[in-house]
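*Asks:* Kindly produce the complete structure, drawing on both the sequences and the hints.
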Amino acid sequence: MTINNDVLRERISLLGSFLGDAISRQTGEETLNTIETLRKGFIQQRRAPNEANKQQLIDFIASLDNQTLKNVIRSFSIYFFLANLSEENYLREQRHALRMQSEQSWEGSFRRTLLECRERNIEPTQMQELIEQLKFIPVFTAHPTEARRRTTMNLLQSLFTHSDALNNLAEDSFAYEQAKEKTAQTIDLLWSSDEVRTRKPLVYDEINNGLHYFNASLFNAIPKVYRNIKDAIIDIYPELTDYPLPAFMSFGSWIGGDRDGNPFVTHDTTEMAVLMHADTVLRHYQVLLKKLRRELIHSDTIIKIAPNVYTRIKEYTTLNQKVFYYNPDDYNNEPYRRLLSIILAKVKATNRHIQSKGTDLDAAHDAYANPQELLEDLRIIRKSVNTHDKAHSDGLLLDTIRLVKTCGFHLAALDIRQESSYHSEVIADIFANASNLPDYQTLGETERQEWLTRLLEKPGTPLIYTDNLSDKTREQLALMNSVATLRKLVGQDTFGSYVISMTNNASQLLEVLLLMRFAGLCTVNDEGQLSADLPVAPLFETIEDLKNIDKILPAVLDNPLYRGLLQHLDNTQEIMLGYSDSSKDGGIITSAWQLYSAQQTINRIAEEYGIKTRLFHGRGGSVSRGGGSTHNAIAAQPAGTLHGEIKVTEQGEVLYAKYANTDTAVFELTMGITGTLKACSTRFVVQPPELPTYEALFARLADAGEQSYRTLTDHTEGFYQFYSQVTPVQEISLLNIGSRPAHRNKGLPSKTTLRAIPWVFGWSLARFTLPAWYGVGSALHSVKEDEALMREMNSCWPFFNVFISNIEMAFTKSEMSIAQAYSQLCDNARLREQIMKAVIDEHHLTFSGLNSLLNQTSLLAHQQNLAASLQWRDAYLDPMNYIQIELLKRARQKETIDDVSHGDLDVEDPLIRSINALAAGLRNTG
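Just so it is clear: in the sequence shown, position 46 is 46 by this note's numbering, and no numbers are missing.
Since the hints were derived computationally from the structure, they do not count as laboratory data. A few of these clues could be false.
[Claimed, not checked] Calculated lysine to aspartate or glutamate pairs in the EDC-like style (CA-CA distance at most 16 Å, straight line):
#: 1; residue 1: Lys314; residue 2: Asp329
#: 2; residue 1: Lys547; residue 2: Asp533
#: 3; residue 1: Lys889; residue 2: Asp906
#: 4; residue 1: Lys889; residue 2: Glu908
#: 5; residue 1: Lys383; residue 2: Asp399
#: 6; residue 1: Lys488; residue 2: Asp533
#: 7; residue 1: Lys290; residue 2: Asp399
#: 8; residue 1: Lys551; residue 2: Glu445
#: 9; residue 1: Lys348; residue 2: Glu373
*Replies:* This is the structure in structure tokens:
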């Protein structure tokens with residue numbers, strides 16, 4: 001897909017002019033002149049670098065008070081919003097143009113993918129099998145690396161619509177002038193409203209933010225995805241025209257369920273999340289049912305309606321009378337509308353029943369027991385409509401059925417996540433309060449497994465005969481009871497998996513199962529067969545844990561009780577792989593290698609034990625946290641490791657980038673689904689003949705990269721002091737970005753106490769982007785003699801090609817001149833010089849290594865569209881970085897000198913806005 005950058009620049013410039021008008025009108029010409037001085041000055045600095053001119057700009061920034069800096073930051077922040085929106089709208093248009101040319105489509109589209117399947121001789125029956133086993137599950141998580149408000153997101157959504165009209169109307173038309181006026185008014189509102197939160201978000205806010213994307217785009221996007229793949233199937237596999245598509249998409253969430261390190265997520269929070277999920281989806285169903293009632297106006301005096309429709313109305317006699325009490329004859333000759341009115345009443349009752357937590361008995365009487373009952377009613381109508389009006393049968397009615405199949409009453413399955421040591425403490429407390437049980441803390445791993453297995457084998461629900469339990473234990477047991485109650489109330493799909501972070505022993509899976517027993521979530525039948533309502537998913541995060549998978553998994557699978565449990569779960573073990581912590585731990589190359597190797601190990605163990613696996617990829621937005629193209633990343637997984645199902649976390653600013661509007665959401669979901677489809681087909685995933693040679697060389701790269709990375713991060717005294725001073729990490733933990741603390745413990749951050757997201761976020765804001773590339777240069781240099789083989793790997797091995805492509809993109813976002821400026825914030829000159837020398841040396845090695853490997857003289861020479869997008873951003877990011885450096889100085893100076901003043905506005909206000917602005921400009925930062 002070719003991008004005309006001149007057209008794109010014109011569009012951005014038009015929106016920028018509206019922004020300038022709004023600033024001038026609302027804040028004054030002086031503010032606009034200040035903004036323009038910095039904008040033009042740094043653009044010129046990029047074109048013709050001049051140290052004296054740069055210093056003048058830096059001094060000018062230092063002369064501005066906090067209020068002025070706030071206005072400057074807001075202008076650049078909103079400009080980035082507008083530029084990102086223009087870029088996305090333009091790409092959407094390009095995809096639409098390709099789609100209109102029936103012989104063309106973009107890489108990753110359903111049409112292109114199915115054509116490739118035909119070319120690879122995948123027969124219709126084989127294609128049907130691939131779709132039958134397909135399951136793509138994006139999981140939303142509350143790791144916001146932008147402080148963007150829902151108000152701002154709604155305004156940008158409106159702006160997307162207005163600017164789309166601007167781009168497609170004749171400039172001399174009245175409609176164009178109207179679109180211009182609406183666009184200008186919306187940008188006016190953007191400037192006059194807060195783009196960031198003025199308070200720290202609650203978990204409630206984060207749940208609401210996640211739900212926003214369903215109302216904003218996904219409720220429309222989901223049916224479109226099914227419709228698009230069906231159209232492609234009819235066109236390319238006409239033999240499957242009558243094949244009814246399964247629900248191959250579902251959604252998950254951690255927001256309100258992830259309690260690892262977040263004391264604000266309690267069992268009450270989890271209950272609130274589930275109720276909010278149900279309320280959102282059931283309210284949307286009501287909107288759709290009202291639309292259907294306006295559409296399906298067929299009269300039985302004119303056309304023949306299937307008897308089943310009348311039968312179903314009669315079965316609902318009591319509710320029928322209640323609904324039509326005002327006029328028993330209403331819709332008498334329009335049975336679809338009559339039945340839809342009853343269905344609507346039942347959906348309303350279902351929501352009242354759920355929101356009352358089962359206490360509204362009248363609602364319970366009229367409510368649907370489960371989504372299948374609702375689907376059955378809708379299918380009765382569709383089957384009848386299909387006999388006389390296929391267009392309406394295959395229209396909104398079919399879309400509604402597909403949406404209910406995908407979202408049920410729960411909307412998105414809520415995963416529960418907790419850190420492994422938490423469960424061990426709770427189990428130890430329970431053991432300590434039972435006179436017939438040993439001291440759990442003194443037991444070895446084998447003894448723990450034996451005792452836990454023994455307790456799991458006992459029939460009945462375990463009882464606790466004491467009130468002397470810790471608060472932590474009470475909360476954990478309350479959580480389990482809440483999960484059990486909510487599953488009965490909302491449905492069996494309400495919850496996804498119970499994820500155990502930092503899993504390093506088999507006993508940790510058994511601990512969670514035992515805790516489930518107290519709420520009846522895990523039971524044993526008369527034959528001694530164990531079953532669980534939630535699958536337990538170990539999360540392997542550190543390099544050491546990834547390496548130990550071949551010890552941990554067999555240990556639990558060798559337990560006959562646990563193996564029997566899997567039979568209850570479709571013989572499937574879910575396993576989560578953590579990209580963030582493994583990268584933070586050992587560096588980007590060894591993380592990639594260990595994750596690759598871990599998947600092969602898991603596949604081998606699964607084959608050995610005769611089980612299936614579902615891999616859950618804990619990817620973030622940044623490359624160092626597994627970010628990059630979802631389609632390419634999934635399609636490049638090791639051969640044979642995907643068996644039709646994949647779960648992928650969607651984190652931080654990625655949520656907004658992917659799901660802010662319907663068309664983008666359709667595109668992103670399509671790319672994930674086709675990537676999964678390709679990865680599951682042996683016709684696509686072909687082992688390169690030289691794969692063992694390639695893997696051996698990558699293992700050498702990983703060793704060299706890890707050694708370089710650990711030398712800096714583990715063996716350089718004072719490194720974390722340097723990190724905490726030269727990046728905004730300390731300020732991130734104080735600002736209104738997320739409900740979850742940035743550190744696991746108080747005090748100076750370290751590799752073990754600092755969470756992966758602020759670790760990556762801090763380095764990204766300071767333009768080091770260090771976690772995404774450090775060690776790569778040393779690794780490439782260490783195997784320089786094998787460069788020809790690496791070029792072959794880049795051509796023939798998708799895994800290596802995707803890895804190098806992502807590294808190149810992330811590395812291009814690093815800017816050593818800016819990083820040098822941030823480094824001056826370190827008050828230890830010797831430490832600063834030592835670390836910056838190591839960073840700059842590695843940067844030089846990475847720059848030369850990548851360009852040599854890719855046989856190019858400049859970064860992204862083979863990705864011109866991306867290069868152009870990043871290039872224009874740099875001149876606008878530069879002033880933001882220098883402003884942030886000045887604000888960090890002021891904030892830290894304020895801590896030590898009370899009488900320093902830069903105006904009436906507190907420095908924290910522009911500082912949080914600078915973080916937001918840089919995140920919007922850099923994108924995938926965390």
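*Asks:* If a hint holds in the structure, say so; if it does not, say that too.
*Replies:* A quick look at each hint next to the structure:
1. Lys314 <-> Asp329: holds (14 Å)
2. Lys547 <-> Asp533: Judged against 16 Å, a Cα distance of about 30 Å means the pair is violated.
3. Lys889 <-> Asp906: holds (13 Å)
4. Lys889 <-> Glu908: Answer holds: lysine 889 to glutamate 908 is near 12 Å, not above 16 Å.
5. Lys383 <-> Asp399: holds (14 Å)
6. Lys488 <-> Asp533: holds (11 Å)
7. Lys290 <-> Asp399: holds (14 Å)
8. Lys551 <-> Glu445: holds (12 Å)
9. Lys348 <-> Glu373: Given that 16 Å is the threshold and the Cα spacing comes to 14 Å, the pair holds.
Of the numbered hints listed earlier, the single one contradicted by the structure is hint 2.
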